[in-house]
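Chains as they are written, first to last, in our numbering: chain A, 81 to 183; chain B, 415 to 834.
One should not assume that every hint holds.
[To be verified] Between beta-carbon pairs, the in silico distance windows are:
#1 159/A <-> 499/B: 19 to 27 Å
#2 460/B <-> 99/A: 36 to 44 Å
#3 176/A <-> 496/B: 53 to 61 Å
#4 731/B <-> 99/A: 40 to 48 Å
#5 164/A <-> 782/B: 40 to 48 Å
#6 460/B <-> 164/A: 25 to 33 Å
#7 170/A <-> 792/B: 28 to 36 Å
#8 82/A <-> 448/B: 41 to 49 Å
#9 159/A <-> 528/B: 24 to 32 Å
#10 159/A <-> 660/B: 29 to 37 Å
#11 731/B <-> 138/A: 24 to 32 Å
#12 672/B <-> 114/A: 57 to 65 Å
#13 99/A <-> 689/B: 47 to 55 Å
#14 164/A <-> 646/B: 46 to 54 Å
Calculated directly from the structure, the hints in this document are not laboratory data.
From the three backbone atoms N, C-alpha and C, an ideal C-beta is built for every residue, glycine too.
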Amino acid sequence: MSWTRVCEVDDVEEEDVIGVSIDGRDIAVYRAEDGSFYASEGHCTHERMLLCEGLVMDGIIECPKHNGRFRITDGKAMGAPVTVDLRTHPVKVEDGEVHVDLG
Amino acid sequence: MSTSADLSSDVRRIVVVGAGECGTHAAMALRDKGFDGEITLIGRESVHAYERPPLSKGALAVDEMALVHPWTPEQLAQAHIDLRLGVEVMGIDLEAGTVTTTADAGGEEEIPWDRLLLALGSDPRRLQLDEVTYLRTHEDAEALRALLHPDGHLLVVGAGFIGLEIAAGARERGMDVTVVEAGSRALGRIVPEEVAAQVVALHEAHGVPLRVATTVTGLRREGDRVRAVLSDGDELLVDAVVAGIGATPTTALAEAAGLLVDDGIVVDEALRTSDPRVFAAGDCASFPDARSGGRVRLESWRNAHDQAETAAASMLGQTEAHVAVPWFWSDQYDQMLSVAGLPGTGERAVLRHRDDGVLLHLGLDAQDRLVHAAAVGPGAGVAKDIRVAEKLIAAAVPLDPAQLEDPGVPLRSILKAATA
Ligand SMILES: Cc1cc2nc3c(=O)[nH]c(=O)nc-3n(C[C@H](O)[C@H](O)[C@H](O)COP(=O)(O)OP(=O)(O)OC[C@H]3O[C@@H](n4cnc5c(N)ncnc54)[C@H](O)[C@@H]3O)c2cc1C
Ligand code: FES
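Could you build all of it, start to finish, from the sequences and the hints given here?
Here it is as structure tokens:
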């Protein structure tokens, strides 16, 4: 396990997403409506749009480009145009700080 | 997305004409919805379905053009879709329930159907002039790319989405670009004036002048260049001329078969044509818009998808009226422009200036319900707000204009309050 601190809890609004960069790699960090955090690869699996500009609603991130939808908890692709699941990463929150493990 | 299937048992053979964005998606959606009969997908273009939006965007900027395919040939094969590429449908016989195609071997073939979907797309409107290039297919894109040289000069006719995207792409390749537009401003009816002005300013900042109320009255080849005569008397010596002046729906086939056509193949809310066994969807279809009460025909990527879903459901006897909010996007330089809903129905407009450079134009009806939203701004910054606006349009509830105007009040919280 190698945890990287990516942001503070307050940097992400509830039901929202921000983009962070870990060693030059784009990662999307999500905060669900219940306050829990998730992380995934930063780019959509369709045409590599940055997901951090997308809308999070009801536990789903919607890609801003063609509205491809992924479940934020496990990255599952929810149907056309996205057919390939989004890779997710473990997240932990400690002392108000969010850490992501890229493995 | 599978829906509970009420498969009309008499529907065993479905033919889809047009293997583009809409037709291909409809074929896949039929399987998704549980149809296990025969699906024949016939397309005139010889390459496997690809996306058109990148053709006027990324494809112009890169050295090697790669087509984006929404589905792999394997996916279609796995779904047992009988794909006939490079084959044109020449006629429809409604009485016999068949289509006639140019068969691969050169002769003709008759293919029977129980349900027929026409997803024929549209064709670029053309000028009555030679020496003009248009952009619809990947072949057009290759031809256009060959004309883009860093030290050349490109004349773009038409300041609509495609014309402006080509202008941006050519400029990014280092070309000098001039855009002429016959109308009084860029981006016509679909984009409000304030938003269009910001797009025009972006072009001007990149050194691309826009000449409105100007047409091309003549083009003359001079060696390897072209002399363009403009309606104001000016002459430009350019290396290439490309026009993006709109598109006309591909309807000749439907018309010849006796189907009702009126600026598009006329369909009802289930996308059924004047013959109940025949459906039309995508760029070629003119459908009733529930919100405005009028007829609309949309040329947009997402409409092609949404209508493919609806048409697939309708052909299987599942009722699914098409009620999606129209949505469109365009990329120019490092900015994105996006529109939701239909303009013209708004009684008044509110402008929201975000401090990150995003400008949102929100059109409200007499009851202060949102009917139309347009935005432009850096990166994909407009995407979230336009998506929220789309949900606000769908919610169709009165909103507080003062809140909509105030960038300090997130649109999301307005949506939450509106749909609570
Ligand atoms: C350059 C360009 C850029 C675009 N950019 C955007 C954008 O940024 N955002 C957006 O929302 N939309 C954009 N669009 C619009 C979008 O691509 C179209 O709305 C969409 O492709 C429509 O899908 P369709 O299936 O209805 O038509 P098409 O994709 O055109 O498919 C129709 C197919 O039917 C075939 N066909 C027609 N007649 C026959 C016949 N008789 N027999 C066999 N085959 C036949 C045609 O050859 C064609 O392949 C753009 C379009 C173009 C051309
Ligand atoms: S790039 Fe994400 S849905 Fe197309």
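Please test the hint of 47 to 55 Å on the beta carbon pair from residue 99/A and residue 689/B.
holds, 50 Å
Quick check: does the Cβ-Cβ distance between residue 164/A and residue 646/B fall within 46 to 54 Å?
holds, 52 Å
Take the C-beta atom of residue 176/A and the C-beta atom of residue 496/B, compute their distance, and say whether it sits inside 53 to 61 Å.
This hint holds: roughly 58 Å between Cβ atoms.
For the pair residue 672/B and residue 114/A, does the Cβ-Cβ distance stay inside 57 to 65 Å?
About 58 Å separates the Cβ atoms of residue 672/B and residue 114/A, which means 57 to 65 Å holds.
With respect to the beta-carbon atoms only, verify the hint that residue 159/A and residue 499/B lie 19 to 27 Å apart.
holds, 25 Å
Cβ separation of residue 460/B and residue 164/A, checked against the hinted range 25 to 33 Å
holds, 27 Å
Cβ separation of residue 164/A and residue 782/B, checked against the hinted range 40 to 48 Å
For residue 164/A and residue 782/B the Cβ distance comes to about 42 Å; the hint holds.
Take a look at whether the Cβ-Cβ distance between residue 159/A and residue 660/B falls inside 29 to 37 Å.
Holds: the Cβ-Cβ distance is about 32 Å, inside 29 to 37 Å.
Does the Cβ pair residue 170/A, residue 792/B satisfy 28 to 36 Å?
About 32 Å separates the Cβ atoms of residue 170/A and residue 792/B, which means 28 to 36 Å holds.
Does the beta carbon distance between residue 82/A and residue 448/B stay inside 41 to 49 Å, or does it fall outside?
holds, 46 Å
Look at the Cβ atoms of residue 731/B and residue 99/A and judge whether their distance stays inside 40 to 48 Å.
Taking Cβ atoms as reference, residue 731/B and residue 99/A lie about 45 Å apart, which means the hint holds.
Do residue 731/B and residue 138/A keep their Cβ atoms within the hinted range of 24 to 32 Å?
Since the Cβ atoms of residue 731/B and residue 138/A sit about 30 Å apart, the hinted range of 24 to 32 Å holds.
Taken one by one, the earlier hints all hold for this structure without exception.
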